[in-house]
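With the hints as your guide, set chains B, C and D onto chain A.
4 protein chains.
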Amino acid sequence: MFLEKVRSEGLAHISYLVGSNGQAAVIDPRRDVDEYLDIARKKGARIMLVLETHRNEDLVSGALELANATGAAIYHGGQLDFDYGNSLEDGQEFSIGDLRITAMHTPGHTDESHCFLLADGRGPFLLFTGDTLFSGEVGRTDLLGPERLRDMTEKLYDSLHDKVLPLGEGTVIMPAHGPGSHCGHAIGERSPTTIGLEVRDNKALSLPRMDFIMAKMADRMERPPYFKRMEALNLHGPIILGAMPSPPALGPGQVKGAQEDGALVLDLREPQCYANGHIPRSLNVWLDRLPAYGGYAIPYGRPLLLVLDRQEDVDTAVRYLVRMGYEDICGYLRDGMNAWAMSGNVLSSFPAYSVHDVHAAQLSGKGMMLIDLRDTPELEAGLMPGSSLIHLGNIIERSSELPADKELVLFCRSGTRGAIAASMLRNSGMKNVAIMLGGFTAWSKNGYPVEKFRNV
Amino acid sequence: MFLEKVRSEGLAHISYLVGSNGQAAVIDPRRDVDEYLDIARKKGARIMLVLETHRNEDLVSGALELANATGAAIYHGGQLDFDYGNSLEDGQEFSIGDLRITAMHTPGHTDESHCFLLADGRGPFLLFTGDTLFSGEVGRTDLLGPERLRDMTEKLYDSLHDKVLPLGEGTVIMPAHGPGSHCGHAIGERSPTTIGLEVRDNKALSLPRMDFIMAKMADRMERPPYFKRMEALNLHGPIILGAMPSPPALGPGQVKGAQEDGALVLDLREPQCYANGHIPRSLNVWLDRLPAYGGYAIPYGRPLLLVLDRQEDVDTAVRYLVRMGYEDICGYLRDGMNAWAMSGNVLSSFPAYSVHDVHAAQLSGKGMMLIDLRDTPELEAGLMPGSSLIHLGNIIERSSELPADKELVLFCRSGTRGAIAASMLRNSGMKNVAIMLGGFTAWSKNGYPVEKFRNV
Amino acid sequence: MFLEKVRSEGLAHISYLVGSNGQAAVIDPRRDVDEYLDIARKKGARIMLVLETHRNEDLVSGALELANATGAAIYHGGQLDFDYGNSLEDGQEFSIGDLRITAMHTPGHTDESHCFLLADGRGPFLLFTGDTLFSGEVGRTDLLGPERLRDMTEKLYDSLHDKVLPLGEGTVIMPAHGPGSHCGHAIGERSPTTIGLEVRDNKALSLPRMDFIMAKMADRMERPPYFKRMEALNLHGPIILGAMPSPPALGPGQVKGAQEDGALVLDLREPQCYANGHIPRSLNVWLDRLPAYGGYAIPYGRPLLLVLDRQEDVDTAVRYLVRMGYEDICGYLRDGMNAWAMSGNVLSSFPAYSVHDVHAAQLSGKGMMLIDLRDTPELEAGLMPGSSLIHLGNIIERSSELPADKELVLFCRSGTRGAIAASMLRNSGMKNVAIMLGGFTAWSKNGYPVEKFRNV
Amino acid sequence: MFLEKVRSEGLAHISYLVGSNGQAAVIDPRRDVDEYLDIARKKGARIMLVLETHRNEDLVSGALELANATGAAIYHGGQLDFDYGNSLEDGQEFSIGDLRITAMHTPGHTDESHCFLLADGRGPFLLFTGDTLFSGEVGRTDLLGPERLRDMTEKLYDSLHDKVLPLGEGTVIMPAHGPGSHCGHAIGERSPTTIGLEVRDNKALSLPRMDFIMAKMADRMERPPYFKRMEALNLHGPIILGAMPSPPALGPGQVKGAQEDGALVLDLREPQCYANGHIPRSLNVWLDRLPAYGGYAIPYGRPLLLVLDRQEDVDTAVRYLVRMGYEDICGYLRDGMNAWAMSGNVLSSFPAYSVHDVHAAQLSGKGMMLIDLRDTPELEAGLMPGSSLIHLGNIIERSSELPADKELVLFCRSGTRGAIAASMLRNSGMKNVAIMLGGFTAWSKNGYPVEKFRNV
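Going down the list, the protein sequences come from chains A, B, C and D. The numbering used here applies: residue 11 is where the first sequence begins, and numbers increase by one. The numbering used here applies: residue 11 is where the second sequence begins, and numbers increase by one. The numbering used here applies: residue 11 is where the third sequence begins, and numbers increase by one. The numbering used here applies: residue 11 is where the fourth sequence begins, and numbers increase by one.
Next up, chain A with everything else stripped away, as it sits in the complex:
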């Protein structure tokens, strides 16, 4: 047998390829499926089966893409009315070479959530848990909306305690996400983990039923706006790409022409670089955080034009975007920002302050408005005195609340979202914006004053 993990960095999504005797199954494939095909080819196995633990919300599924390339059969929970693939029955069994895979209906994260129990000749030993159980965390239950929250939370508790935990402490757990995902605050990076380890270390599993329900109902998690589109795409089936888009290199003149024709320039460099000089009307999302925050900022329906430090990263950027449903990538800036600067084209910029600058400005009474873009759970670390809370996801709709006569200093935990919001606001017409490098982390590490957050 072989069991290979394929991680999608940034989304912290984990998919699995499991095989035996020339056959393989993929659990929760991502959209750029070449890696699965390569592994299967090296292992001498044909991908026969695509199993989806649930309709993914944070990335476009590669199920149809894989089926198109290999003829594999797709299975997902019948509780949702998918436009493609087959419906799972609770307890349904599949054979992959000498292995057996049994579907277990485990509603809670969503109605159609399933876990898949892997068995060899000696018995079951490993559970693909999808978004039901992670290392250090359990699935979120809020995605079907507040009116279903309690119901889903109860179902999750029951799925965990009646179906998953009884499999025994020694059972290995393979979840669909690692740390850094939108799908759970406390997901740890321990891999592999087991039911025994989770019972020992995962706080959510040790709570009595009612405490569990209360805790989950009180929990507040981000729901990036692009989730909606992912849900629709994965329900109805995304278009099949066949091959990854390969955007052409464009010179500065072509970039400006494309902008005039409606393309959005997406600058994927670090916030500090972007702030200091960028193509006017571009949007900034740092490449490393593109999977996490791109869905807050990048509109669908416009061709994208990429700006990167290094051409070697174009393929990474394209994959990140395609996984989130952005397929229309019309080019990238040839030779990067240096080429733009040498062409003599105008560079926009805005201030990138250090925390020391901001502290000094506060002391001197300079008229800044500090805007904290963080999520509620991040606020537990404390607040900057005098700052206003506006979540990244609301910055544009609440921009009318912002004063025109003050410099807006945007910050978050580290600085990435600050620059995203700054670029969004500037594109919407506000010019007097700035960012604070290192964000709240740098502020607090330097011992500058911090207030306690009181959630209401």
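The hints are simulated quantities; they were obtained by calculation from the structure and are not laboratory data. Only a predicted model underlies this, so the values are computations on that prediction, with no experimental measurement involved. Hints may contain errors.
One copy or any two copies: either way a pair holds, since identical chains are not told apart in the list.
Taking lysine-lysine and the DSBU-like style, the derived pairs with C-alpha atoms no more than 30 Å apart in a straight line are [as the list claims (entries may be wrong)]:
hint, residue 1, residue 2
1, K266, K455
2, K15, K165
3, K53, K455
4, K53, K266
5, K238, K416
6, K376, K462
7, K441, K52
8, K455, K213
9, K173, K455
10, K266, K52
11, K376, K416
12, K455, K416
13, K53, K165
14, K213, K165
15, K376, K441
16, K441, K266
17, K238, K165
Same frame as chain A, but now just chains B, C and D:
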């Protein structure tokens, strides 16, 4: 700029990827196009253009496959009525980044043959010659049939002397084939070569017009039977695969089942191994010579089931087959012939004699019939006394001429075709066959008697 | 964190690279260390530490090779007097980024055996068990000789029950071997496994102390003769290679010249191919089984010259050999056996019978001597009537017992060892040998008579 | 045969691996030799021979490294007294499989310069020209100093006209450098090229003897200060690395500690990013231009600590540095500058002006001193009015000439050298420095005033 060769081993086919400033063109792509896409991705270039020097006869074109993956435009000679792509004008120019490519109509190999002249800012410097001019050889002119032979030969002479050679001795030549191709006897492996070097070393270029025509008209070349199919596929457009087929591993029982359902077992091991033990009713073509000889032996329209020494070679075998239009590959024998032997299934075999055995048998008057499968040009090396000449391509249709009461000992230059023919004859019902290992080469190297061949 | 397995096929050896925050440790490295260096480079980590669970017996350790390339510190059990590296203390702790690794002295397999417990911020979760505990099996205790057998077995029981199992059912287990190793009969391929799963499924763990001791003392396992050399090399430190040997391609004439100068031709093709035609005085070990059986047949101290089906496999063969301490590889036969046959050189051969041939010969009273080369545990599957038992490891020293006037038909479970022994016997002067394809497995699958084995 | 180019980006150095029949030679290897070993392994060839066209000045030779890994013999011109390898005779022949290589002594670039003529069975066809002849350019003759300049130039003319050009127009040329090298202004990217094409397009080849000598003697080329060290290393033999250094990831605290212990922080980000925020006392050289300009700025003998945008680029940076003789790389900043900012550590910065800012400042009479760092040939494009010329290589020794009361605005052609010089000056104690983004190119493209350069 960059210029990358992609070689298809066995067919000795060479395609080229040339690019500059984020754009690329592919000349004469093969059907498995992943390597072009990979190179383009690494170079940060988009493939904009597919140029075909002519309708290829020896492999399925990847033009449509590439166009499907990248949106590239396809161009080929308008003298043939292709069902897809665009028609070239003589002198038509294309830009790829800072490079210019000019199409030159050079009929002779076929009516629609073109060469492509590559120029940078300093002028033209390199000619993609397709099948018009090779290292050490010129294109064959017999493919349109005997009634067009003289006409095509004259055209080739004129194309070479009026269009190609005037480009100047320093011009670099990049042809569509290296040594070992069906497209020319004397193709050398010198790469790169130039017009100056060819004028110095290529005999065909030094012949006066009439001598050239006489020599080409007297020339006899193999035309593998699968060429016809390639020509039709490339004219009308092959089906688009999207991804390489990934055949599943099958156990001995499944192999027998697939045979019953009509699959043909294709044993790709060396002749010596095959002779000594193989799956009954399998066909043998050694993997290394599959591109060269597969088209003589493997029928179209039957699912193929592969037998290989090493599972690592499945991908190579699949590519070789797909390039020749065999897409229906239904599996491969898991764990190779050892698994078959261990399963207790019957192994067929036939004798594989050394040249010493055959010599001794001849001396002792044993009743063997020696069948020489070689091509006419190979016969210049001499003949085995007492042997009969039957070209590999005719062995089945002429099998009724073969005696039933004698052992047929099949041989060729090296031994590969001997085993192909032996497996074909045995499948057609003749059982008393054998091969001679090392073929005529081993025979003559050992100093055994050789007769002179007199062509009539 | 990251945790990568590096498997050495054939030896079924598994080493691990574990890292966090730019630092990495390797557990039980093999000698060709390029894969560790590549992974570390991709992960942006430096290898700081090499941990050896014990002095490996079945392959040359890569500890010194890695230390030479990276400056890593080597640690192994102080109970053995190594000429290099540092001694472990029971309970000694190491930090690798955010991970902690604790050495646990677990004698039993050998005196200096250690397990390594991996912990993250939430606690310990994974045990590298070396040869102490496998999936489905426990370590062998016979390697220090019969006089230490009982003592070591007791120690192993205590290490397992007092140290390993108390870590808890949920603890993940990562052993040094998978199925197919000489280091345990019943090693399964389940990966990952856990203490809980082993307690449930591993028979050795459920035995009471005395039953465990009796069972282990009654157990008979192969000990390939090359183990001795591995033990000495790993104690004193093998020579550092720096880079993998890259043997040159040699033509048939050069091969014969090298043979005259003392080189041993090692033919790595399948038994069936080898039997049918090979270079005189060559030795046959099928490439796939080279790691398992090479150490029985290949003498140390002679330059090796390789014969392979495909040149692509040279690198694999070199790695297999280097891992077993054969560094002096002076070349490989260019273009394989086909080139040898074409050169007109003599091919040796011997019969490769099917089980049907052998059965018919037995019925007809033909004077064959059937020699069964299998290990004692394999004999549980039954015996061929009339066969003699001579273990592969004893075939040369017991060759004087063999009759000169009968054909010796050598067989094993599958056929590989039959051909090894046949080639060894023929090199030692016995000519009348043959093999039985498919071995005992094919015999019994065809329903031919089988006798029960009675161990004495 | 096979012929593979291995390019070292940035240095525009080209080395070659040529092979036939299981043997290979490398011409002018670089120090990180893994790519040669990989190609040879894939081709089934052993590297037998290392040929050096001359003692390289711009990178550390990999000759000893390759000889160490493969046992290959090293040959270079005997006119220089190397401490290792063998001396070439003019006309000396080598065999590599079926190929012949003939050494031709072609002094001019240096005394010991040789070209290597490659021949197959049909005759010579390709010349490895080293630094004697490039596409579009000839070798520089000034490296042995002004007193030898005329002598060397005459020798180069004679080598070209008496030895190289007589080989015939059709001969293919493979030089040791492409465009962007320090080894020639006008080197073009045409590849391959030929003697015929060079005679047509290379101006230096069309000059009569005296004009050639005058032109070369008037030519002024950069000679980066690290050349001296390369020359000494290549004469005496660099230390053998065995494997590429793999620097560990260090946190901000460790970086500061290493700085205190004497390490130099080398920031490899783009000038714009560096200017806007960097680790105090770091040196900036943009990664893409590190091979070209690192040798001007980075002192030998100090451990280096790298700052990069992306961890994926560490390996590239290490290779670039090792090729220039910087082996002591003690780490890289984990998670890049974002981690530094989040840690709350101080960021240094200086202004990065656009050309529009600078133009406006000039108009407003702001007290700036504009310092142009370009080479003499680059000045042909024109000068900025009011700017002072100080070559990058002299900036530190001439820093005492610089005014203390004015802001120094450093610029070059594109901006890279501006930031290098700014970081050097700041480290030497001058604080009032700035750069101009896009350099002279952006200035002139915007139509701002440009003066003519008059060389004196």
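Query raised in the report: When no copy is named, should K238 and K165 be tagged within, between, both, or neither for a Cα gap of at most 30 Å?
Result: The answer is within: 23 Å in one copy meets 30 Å, while 60 Å across copies does not.
Report task. Pop the pair K376 and K416 into one bin, within, between, both or neither, using alpha-carbon distances up to 30 Å. Result -> Close inside one copy (9 Å) and across copies (28 Å); limit 30 Å.
Requested in this report: Measure nothing new, just compare the shortest in-copy and cross-copy C-alpha distances for K173 and K455 to 30 Å and report within, between, both or neither.
Outcome: neither (44 Å within a copy, 42 Å between copies)
Query raised in the report: Between copies, within a copy, both or neither: which fits K53 and K266 at Cα up to 30 Å?
Result: Between copies, since 23 Å is at most 30 Å while 47 Å is not.
Query raised in the report: What label fits K455 with K416 when the C-alpha limit is 30 Å: within, between, both, or neither?
Result: within (27 Å within a copy, 36 Å between copies)
Query - Homo-oligomer pair classification [K266, K441; C-alpha up to 30 Å] - result: Intra 21 Å, inter 37 Å, cutoff 30 Å: intra-copy only.
**Report entry** K455 and K213: within-copy, between-copy, both or neither at 30 Å Cα
**Finding:** within (28 Å within a copy, 55 Å between copies)
Query - Identical-chain pair category, K266 with K455, by Cα at 30 Å - result: Intra 42 Å, inter 16 Å, cutoff 30 Å: inter-copy only.
Query raised in the report: At most 30 Å between C-alpha atoms: does K266 with K52 qualify within a copy, between copies, both, or neither?
Result: between (44 Å within a copy, 25 Å between copies)
Requested in this report: First find the shortest C-alpha distance between K53 and K455 inside one copy, then the shortest across copies, and answer within, between, both or neither for a cut-off of 30 Å.
Outcome: between (49 Å within a copy, 28 Å between copies)
Query raised in the report: Given a CA cutoff of 30 Å, do K238 and K416 count as a within-copy pair, a between-copy pair, both, or neither?
Result: neither (35 Å within a copy, 57 Å between copies)
Query - Homo-oligomer pair classification [K441, K376; C-alpha up to 30 Å] - result: For K376 and K441, the Cα distance is within 30 Å both inside one copy (18 Å) and across copies (26 Å).
In terms of the numbered hints stated before, the structure departs from hints 5, 7, 9 and 13, listed from lowest to highest.
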